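Colleague: Those sequence lines, one after another, are chains E and B. Count along the first sequence from 1, add 442, and you get the number used in my numbering. Count along the second sequence from 1, add 18, and you get the number used in my numbering.
In case anyone wonders, no lab produced these hints; they're calculated from the structure. Computed from a predicted structure; not experimentally measured. Hints are not guaranteed to be accurate.
[To be verified] Straight-line alpha carbon distances no greater than 30 Å define the calculated DSBU-like cross-link-like pairs of lysine-lysine that follow:
id, chain 1, residue 1, chain 2, residue 2
1, E, K446, B, K43
2, E, K447, E, K552
3, B, K48, E, K446
4, E, K446, B, K20
5, B, K112, E, K447
6, E, K447, B, K20
7, B, K73, E, K518
8, B, K112, E, K503
9, E, K518, E, K498
[Unchecked claim] Among the chain B residues that face chain E by a calculated CB cut under 7 Å, a handful are:
id, residue
10, G131
11, T143
12, I144
Note that CB positions come from ideal geometry on N, CA and C, so glycine has one too.
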Amino acid sequence: MATKKFMYVNRKAPYGTVYALESLEVVLIAAAFEQEVTLAFVDDGVYQIIKDQKPKAIGMKNFSPTYKALGDYDIKQLYVERESLEERGLTEDDLMELTYEDEDDDWAEKSSLSIISRAEMAELMAAQDVTFSF
Amino acid sequence: MKYTLMVNEGPYQHQSSDTAYQFAKAALAKGHEIFRVFFYHDGVNNGSRLSVPPKDDRLVQKQWSELAQQHGIDMVICIAAAQRRGLMDASEAKRQGLDADNIAPGFRISGLGQLIEGSIESDRTIVFGD
């Protein structure tokens, strides 16, 4: 089976609509197909990976721990748009620590997150074969 | 060109299922192939056979059914999204001990892997939704 570059663009807040949760379900399935998987977090999508989420008060399940499992699925390219963070008064310190173990470097734990500019995000998107937008 | 389409919004609520249908029809008319249409999120409701819109409106689900049957298009409803929203075929209804099923002709229920496989096999994947 051919290998393609798949990007999952997450644009919406984690709660309030089902898009973020169901996007994550697609990503986890995609991992089994041994494709090159990249996640992008733009606009309100950056809220999906902020730390200390406590949605219990609105009756929602906190599914944010699943993002921490992505490294185990060999999904380690997570790109966050800097402008989207800034527009929302957020910094990298507000985000969860998301890591993977690098098998080429004696399984050293490394960050999966890269903060990139809007222009860099556009370049990254242009380089994909398949782009899903949620 | 071989296409996989992803429809992420419900019929009547949102234009995107109509747009996807119009795209599919136009692409077929130009001689392209629709490899698969995958219905996700509220898009699964495009596959309900129990929809009865007012008589002077278009029949979104029936349009999809006819298109699938006329052109042999593989139309897949995501099982996880469908189960959340009360869409099921006869065998799933039986398995869940439920007394009804509601999948329109031309649709089948399967997993998200069908979406990924469709995108690998197709030249283009187009997402319709918000």
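Colleague: Work down the list of hints and note, for each, if the structure agrees.
Modeller: These are the hints, each one checked on the structure:
{"no.": "1", "hint": "K446(E) / K43(B)", "result": "27 Å, holds"}
{"no.": "2", "hint": "K447(E) / K552(E)", "result": "22 Å, holds"}
{"no.": "3", "hint": "K48(B) / K446(E)", "result": "26 Å, holds"}
{"no.": "4", "hint": "K446(E) / K20(B)", "result": "15 Å, holds"}
{"no.": "5", "hint": "K112(B) / K447(E)", "result": "39 Å, violated"}
{"no.": "6", "hint": "K447(E) / K20(B)", "result": "18 Å, holds"}
{"no.": "7", "hint": "K73(B) / K518(E)", "result": "51 Å, violated"}
{"no.": "8", "hint": "K112(B) / K503(E)", "result": "29 Å, holds"}
{"no.": "9", "hint": "K518(E) / K498(E)", "result": "28 Å, holds"}
{"no.": "10", "hint": "G131", "result": "6 Å, holds"}
{"no.": "11", "hint": "T143", "result": "5 Å, holds"}
{"no.": "12", "hint": "I144", "result": "10 Å, violated"}
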